[in-house]
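Q: Read off the chains here:
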Amino acid sequence: MATQYIGKRLKRNEDPRLLTGQALFVDDVNLPGMLHVAFLRSPYAHARLNSVDTSKARQREGVVAVYAARDLGDYWCNGPLLVSPPPVEGTVFNERTQPILVMDTVRHLGEPIAAVVAESRYLAEDALTDILVDYEVLPAVVDLEAALEDGSPRVHEDVGSNVAAHLVQTIGDYEKAKKSAHTVIARRFVYDHGTAAALENRGVVAEWDAHSQRLTVWDTTQAPNPIRIGLASMLGLSENQLRVIAPFIGGGFGPKIMMFYPEEMLIPWVAIQLGRPVKWIEDRSENFVATTQERSQIHQAEIALTEDGKILGVHDVFLHDSGAYDPYGLTVPLNSQCTLLGPYKIPNYYSEFTAVFTNKTLVTPYRGAGRQHGVFVIERLLDLAAKELGIELPEIRRRNFIPPDEFPYDNKIIYQDFTNLVYDSGDYEPSLDRALEMIGYDEFVNQIQPQARSEGRTVGIGIVAYVEGTGIGPYEGARVQVQQSGRVSVATGIGTQGQGHFTSYAQIVAEQLQVDIDKIDLVTGDTDQFHWGTGTFASRGAVVAGNAINEAAKDVRAKVLKAASDELEVAEEDLELAEGEVRVIGAPSRSISLGELAAKANPLRGAVKPGTEPGLEATNYFGPERGATSNGVHAMIVELDPETMMVEIQKFVVVHDCGRVINPMIVDGQIHGGVAQGIGNAFYEQLIFDENGQLLNGSFMDYLLPTALDVPNVSVGHEETLSPLNPLGTKGAGEAGAIPVGPLFAQALEDALQLDGLEILEIPLSPSLLWELVQEAKGN
Amino acid sequence: MIPPSFDYEAPASLEEAIAILGKNPEAKILAGGQSLIALMKLRLASPAVLVDINRIEGLGYIKEEDGWLRIGAMTRESDLDTSDLVREKYPLLADTTRVIADPLVRNLSTLGGNLAHADPANDHPATMLAYGAELVATGPKGERIIPVGDFFTGPFETSLAQDEILTEIRIPSPNGSSGGAYQKLERKVGDFATAAVAAQVKLGEKGVVEQVGIGLTNVGLTPIKATAAEESLQGKEANEAAISEAAQLASEAAEPEADPRGSVEFKRALVKTLTHRAIKTAVGRAQGGK
Amino acid sequence: MSNHHIRVTVNGDVQEADVDARLLLVHFIREDLNLTGTHIGCDTSHCGACTVLVNGTAIKSCTYFAVQADGAEVSTVEGLAQNGDLHPIQEGFREMHGLQCGFCTPGMMIASIALLEQNPNPTEDEIRWGISGNLCRCTGYINIVKAVQYAAEKMQE
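Chains as they are written, first to last, in numbering that gives the first Met the number 0: chain A, 0 to 779; chain B, 0 to 289; chain C, 0 to 156.
Hints are not guaranteed to be accurate.
What the hints assert, rightly or not - Just so you have them, the derived chain A footprint on chain B, three or more residues with Cβ under 8 Å: (1) 75-81; (2) 155-164; (3) 168-180; (4) 242-251.
Stated by the list, open to error - Pairs of lysine-lysine, DSBU-like flavour, derived with a Cα cap of 35 Å: (5) A:K518 <-> C:K145; (6) C:K145 <-> B:K201; (7) B:K62 <-> A:K650; (8) B:K187 <-> B:K205; (9) C:K145 <-> A:K178; (10) B:K279 <-> A:K10; (11) B:K205 <-> C:K153; (12) A:K411 <-> B:K62; (13) A:K777 <-> B:K279.
Rather than coming from a laboratory, the hints here were simulated on the basis of the structure.
Glycine is no exception: its CB is placed at the ideal position from the N, C-alpha and C atoms.
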């Protein structure tokens, strides 16, 4: 079916405002009488808080109020549990959530102790130095394995250990399958993911209007609607007294879907207490300790295969660093557990994880959300198995792909949306073939690499595959309305952090109503405009909100056709929509514009037929029965300087299948950005904590983000296997670029170095780590 | 990220600036500010008085005179980067300025600031050691010449008095076949050097090394002059064996600390590699290459 | 607090104010002048989101005091479009999808303009080098490079 708008590389609606400095970000909110907040944060990872003396700070000129935990009275609380543990039998889950301000015990570096409210941020920061705190420093829990040993200090005294959770999922019987294996490969893997470091830090602005008894909160959140409901409850307000606005957000990537951060819970309350607008904007140093991040997992994993490389089973036991609290449940390790299965038939699987409390910042999803860890393990196991069995690396993958006629494919374990991990559709070989062709695999291996080696150059190639669960429920909603001007307005509860929602969603509406996208106005992230929805996460915006918008637009289209049919006295099947009008097919001059129809549908006087709804407006919702699965293959050619261990990426290819693509320009952009974060994760970015839980590199000076010189051009190929789970046939694409880059680097660098005994079993890498690994392999 | 309060002076003359420094033991000079303001924002530095010397005329220049390249201390890195004179005759300096921070920071950072701040990770100090440069400080009693070898006394410490301002840097102008190069391992633009090496050579007849200077960046508490390496190369033909030996000696002269950027062994190995490459390139340039 | 009277011409308009010596130029621009297009992304002068032109030179306004800009001409993103027409760099970013969340974009565009001023016909490598002081977390820089190439071509017409 040829489409007019869907599938087209249309320029973005949101750009003019962003390009001219006219887009509102939270820090741009400037209200009369506004006060500014600075937080005093713990310089220790684990400490008893004996006393907090804020008296001197209160006396400083320009300071209006200072709050420590005990100043909050009944309002003091711990945040809510956001995601329950999954319905897997035998699951152990110790729920502990973050306090609004530390009461007795500090559990990670940067936990907020007190908030200073002053006439300016400058004065507020000065006043921080006036606050006297008596800490009793306690030994910190940092290392995952040490945390589980007897006698380890405990992050939560009232939990008998540092176990945050324990969960086992199985498919078939691994031990039995192993008995008939030709080859078993077992290794220990360590995968460390980093901090999202969106360029915009977090922020909250709150204004309580006593006259209208309304609270407005601007928040850099990916989930304005849940925030509204939660805050209303906490503050004792009716939900419709509260408006939460997530305006333009400077990058989300996951940590901004963490909800009820201490600052989010506190700032609105302070605004009500003081009767003046209150603003808190995080600075980058705070972001490194106060905004959630991902960190390491340690896997002891094993794969059993036949002689021709078919997987009989995988056995994986891993530890997951939770940080000090676990409000987000087990989403990240569950994703690791599920995504390890990849695009492969794995008939027997034993996966056991222990989530561990540590005295570090909370771990909640960051682009990939634990998938990286699982993909690293399976891709590395396959590489090691292939080498041992003498099978080429792309070939061992091909031999294990789920064939296209076995979809929907039920993996029979529970996924992060608490349904069975069922892959809805997929066709993996074409993605692999396309990637091999685009990277020039054969030519490289047979000609280019040998030639380069003869010239003394160290070059290598890598190719990896993955499946990504996306587009999960529960639901999203939207309201579409044709206005009398002929413009169409769309409101949805989901927010926007750069994914082009103002454009891709408009394309969906444009397709239904045949109106150009620049006549379609979108509002996202304003709970006054649409107050239902769960947020942007798990690559679900296009799938879930997109389909909700599609449903609402379809309903409006039906109303339009009916109204036009009545108006023109022509049967609906003889009418078509085009260029903002309804026309009689074959007699296009007999037409009526959508705007006119809208006006007629909302008369000021007269009678209407009973049961009529005014206007041309519809609200609808979409909730998929389960998530849709995208897949992809990444390939890369690198050159390594074997003395300095600096890496240069010469070619990078991504073949991606996210079902129907609404705007290929936007999807390509998402992939580019994901790859850049993947490269950062693989070779540049690592949060380094010492044995006291101190973060040694909490700034961009030492936490290295890739620059324009570090990210190569990326060639993107698209495959399109439609999802049967939603009418648009779309799947998510937001996280794809970031997911498999770790194992890709490991494979390509091993290939380049060609050193017996060199096995890269950890990420992130760096020149110094590579050097150490090479020295070790050489026996130095 | 808010700096603490300070008093601010923007004198129009050097004398005025020096007088303010003399009267205020806690005063600091604001030149490019790219190091100082950053420290103040993290509240790691809180000078009571900032003396902004950006309004003093005549402190930024690049000119050759009497056998020296004379550079005003307030010369911006970006001006060094775009100077044809520097690129053609002082390639070691050209290499160095190019890898300091990033293009935006280089628009404000000054050569004088990079030297006076004396961060062991800064790049110009090793380069000046390799050049055998002279630094000119101006104080209440007038000018004083400080040989670069006497300038760096410790991490973030120089032999400048509180009321002295570094005003000029002098590099000997090349005579004969001279060449230099700076080799830096930075993981990405703007990162500190994991290690870096500056090499400057003058070749005599038959490719024999007449003069050689080798400086090491960020592998010690101060920049290191690799004297043993220099002596091993002096008077020899700059062939592979001689360069390798010098590189080995340079790596032994390094005193790196282990940190997230690398172990002691890795940094030493890097010094060896980078010294080798720097000398080779310097020799190549001395012979007329690039 | 040490108060200083400053006079700064911003996007062609003369602005006068009394400021604390420690007021950072980026805060003066965003809060005193209400020009919020210039953004703050870090504390250590690495990200470049705050890039503005001071007397034609691209600098990071988070590491510069407002008092230092006394008597200077400052250009921010709000001054790029003329009479409702987008500057070629803004056009380039739109055509080439050089922005996603848009937070780094104003600083990135200013840095690009400075680059093109010095080098009107840069190679791809020279563009990447020229924007190496500006971090982007969304685009992977690929389309930003294309946007600058677009602008370079347009500006040479």
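Q: Checking each numbered hint in turn, tell me which of them this model violates, lowest number first.
A: Of the numbered hints, 1, 2, 3, 4, 6, 7, 8, 9, 10, 11 and 12 do not hold.
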